[in-house]
Amino acid sequence: MQTNFTAEQLADSGVAESEKILRKCVHCGFCTATCPTYVTLGNELDSPRGRIYLIKDMLENNRPADKQVVTHIDRCLSCLACMTTCPSGVNYMHLVDHARVHIEKTYKRPLMNRITRALLALVLPYPGRLRASLYAARLGRSFAPLFRAVPGLKPMAAMLELAPPSVPRASNIARPGTHAGAGEKRGRVAILTGCAQPVLKPGINEATVRLLNRIGVEVVVPEGEGCCGALVHHMGREHDALDAARKNIDAWTRQIDRGGLDAIIITASGCGTTIKDYGYMLREDPAYAEKATRVSGLARDITEYLATLELPAPINGAGLVVAYHSACSMQHGQKITVQPKALLKAAGFTVKDPPEGHLCCGSAGVYNILQPEIARTLRDRKVKNIERTKPDLIATGNIGCITQIAGGTDIPIIHTVELLDWVYGGDKPDGVPAAVKATL
Amino acid sequence: MPDLIAFLEPDLAVIGRRPAIIADLAQLLPESCLITEERELVPFDTDAFVSYRRMPLAVVLPETTAQVAAVLKYCNDNAISVVPRGAGTSLSGGAIPQEDAIVIGVSKMNQILEVDYANRAARVQAGVTNISISQAVDADGFFYAPDPSSQLACTIGGNIGMNSGGAHCLKYGVTTNNLMGVRMVMFDGSIVDIGGKALDSSGYDLLGLICGSEGQLGIVTEATVRLLAKPEGARPVLFGFETSVAAGACVTDIIGAGIIPVAIEFMDKPAIEICEAFAHAGYPMDVEALLIVEVEGSDAEMDAMLARIIEIARRHGVKTIRESQSATEAALIWKGRKSAFGATGRIADYICMDGTVPLGQLSYVLAKTSEITDRYGLRVANVFHAGDGNMHPLILFDANDPEESLKAEMAGNDILKLCVDAGGCLTGEHGVGIEKRDLMRHQYSDADLAQQMRVRAAFDPKWILNPSKVFPLEGRNGSQTGNQSALAEEGKAGAARTGKTAA
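Chains A and B are the protein sequences, given in the same order. If you read the first sequence in this note's numbering, its first letter stands for residue 1, the second for the next number, and so on. If you read the second sequence in this note's numbering, its first letter stands for residue 1, the second for the next number, and so on.
Straight-line Cα separation of at most 20 Å, EDC-like style, residue types lysine to aspartate or glutamate; simulated pairs:
1. A:Lys-341 / A:Glu-387
2. A:Lys-67 / B:Glu-38
3. A:Lys-335 / B:Glu-276
4. A:Lys-108 / A:Asp-74
5. A:Lys-384 / B:Asp-138
6. A:Lys-20 / B:Asp-401
7. A:Lys-345 / A:Asp-392
8. A:Lys-384 / A:Glu-356
9. A:Lys-24 / B:Glu-273
To spell it out: a stretch of chain A is covered by chain B in this simulated footprint if at least three of its residues, at any positions, have a beta carbon under 8 Å from a beta carbon of chain B; those stretches are:
10. 22-32
11. 35-49
12. 56-70
13. 86-93
Hint data in this document are derived by calculation from the structure and do not stem from the laboratory. Note that the structure is predicted; figures quoted are calculated from it, not measured. Ideal Cβ placement from N, Cα and C applies to all residues, glycine included.
Let the hints inform the model, and build the full structure from the sequences given.
As structure tokens, then:
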């Protein structure tokens, strides 16, 4: 597609990258078809092609962001279905990331919107603060219907409704240390402890460590790890995101130098997409560019890593029908589509692909808080599609999807690795149906 | 550099009334269906013929036929131009707006209303995507046959407007052969139903007239389309040749032998490289031309037809033959082919031609096409529906180089003229739009065009519907090109005068 940038504009590396991306777009419109917001709203402005055009117009004209552009960019889930669809190789992710930074720098949001976003950025990436907030949310839950009635307070209502009724105890697994593998050592990996996941579902990383240890992999929880930065990154808070990235890169680099790492294991695919992008995010930081690229190169989703290992014969769980929900960050962000299902099948589950599997469930980080109406529509559509496959349970690899989908169905939804840990000798995860159906 | 293709001069009186028009539209539609902010109008200024852009006066995205009717009646009463839009995937600029026009987009009307297997029909809203019809009936063993490469995104409304084809139309026919009925809003807001689930309807074949009328005879809001039973099996086979001429001659002989496979698709070397890089379909990389021939039916049927095709291909010195071994492999072969245009975006900007030629002329036209692009110093990739002679040379250029952009358009015009001169026509399936509008005189005599314009004017006396498209601007209405206000007063006389002037 033709672009109109001056040499002066292109001197800014962010603009230069965006220009390269825009040049690849041929405006064919294929992306509109798989975009969840276009499918829901039927307006090209809420489609990738529309947003690409809005961003192009804003950047070419050196304009600060305005209400219209912000409305449509904010509605983007960053699910990246468009990137799977795009035949031209348009890197929408980097383009929309750049636009979000531009918005953050040039646009003053309405007061309530600012407060909500600041609150999310201050709380979610920090497990201690999140835990405290969840206790508070239990007290505030009864105010949710009241908040929902006031437009500016809808995100608050969504937050209260998403908060779980009880908060699990913090896990020992999250503490820095080394968990040695059993028997012959087959590898050494670091695990991202993360931010929201260990508070909401500490069992996921516990299962990961147990399973890896059982098959001979040493797991290190490095000192100094934190949130991957995805939450603030998607809000356009570039500075905070890069700080979070640097902190993690330092923590993992120390481990690489100390004993070598075969992989950095991530159990929330949303984080995986971002960590695999550290190399790009820090490309202009001479002190970090190389280290960041190395870290990105080592990042693996747990299913990606497990697929490279030989697993023992299954012990538990055969006969259950599992609907596999592929998180957008898994299938579109990281293009991991085969391994999770192959692992589940090898473990003895009957795996079902729900229709419209490419469409987002509406979780998308903090999207379900900031855009609760669209998120709910997408969740209901997702649940309906999953329920059509009549599964005993749902498996997925992202905490955001787990929370989101659980809000719309009674079918248990469990992280893939928790199921695998159970099959290969671990405890049965909470929620797995008690009676195993005999499907002979 | 001036544009090669002109639009109608915008009607300044209409533009001057913009605030009042927007206020009126707000009475006809909910707020979420009306787009009027300048920023938000920009993304509607073009379609997939992205070289040309014009801002619309406003965009409306109705949710019901009644809303379409209300807007159209209003526009006709006030002599305001209207540009219908589906998914905006037109390669001929069929959905590009103009400054004094209101875009009516059907993207919110995206529901499948009824699936009726007993009558092998589906009734859908115009904004339903082509592929979603097949997806909706797939589990029950049915499909909707026309499959434009953009089928993932393009709407059935747009398909009807352009009488779209696709790879599998060789066997199943194009949109017009698979369309059973439409609900259409006429220029004055009246709503008509034409055709239906019965195999034939009384009176003139109006459906045949409407299909392919490029949004100039009315706005289709619902369609009843033919559903077909899926074949027992389908198998795409790759045939690699050392020359395009050999591949072209092979196609001619397959068809000449009375064999009608489901699809015969052609790719030359540049196209193979582009598609393989995107889809990793396993296309042979050491050949100059590739045919994707798909056969379908029972295994025995497929084997029998394939044996005959292989024999013909061997006569033409085929270098490699590869049958797809699995559904996944078949899907990849088609993914590569159907993404060819978009995948070209990875290496260059392009415009895509759509001329159709008699099969016997395939090799000649391919050779001449290369001569033309060579003369302009441009690269060309050929990927097209060889079985029905529908050529799609993709002319590659740099859109940020105005001179090269102009050359690409000129080369395109030369290629289309070549197709007409070879006994073919300007468009197989993409429509005339603005892209081929000024070449219409190369194909039709003034008398022909005048007659077509009379038909058009019978449906839209004020020429408010998609007025810049299809018919060359000169000779429409005496000295004042496309002046709809003048036409409005004259009513049908306007069209008659157009005819007289032209004749």
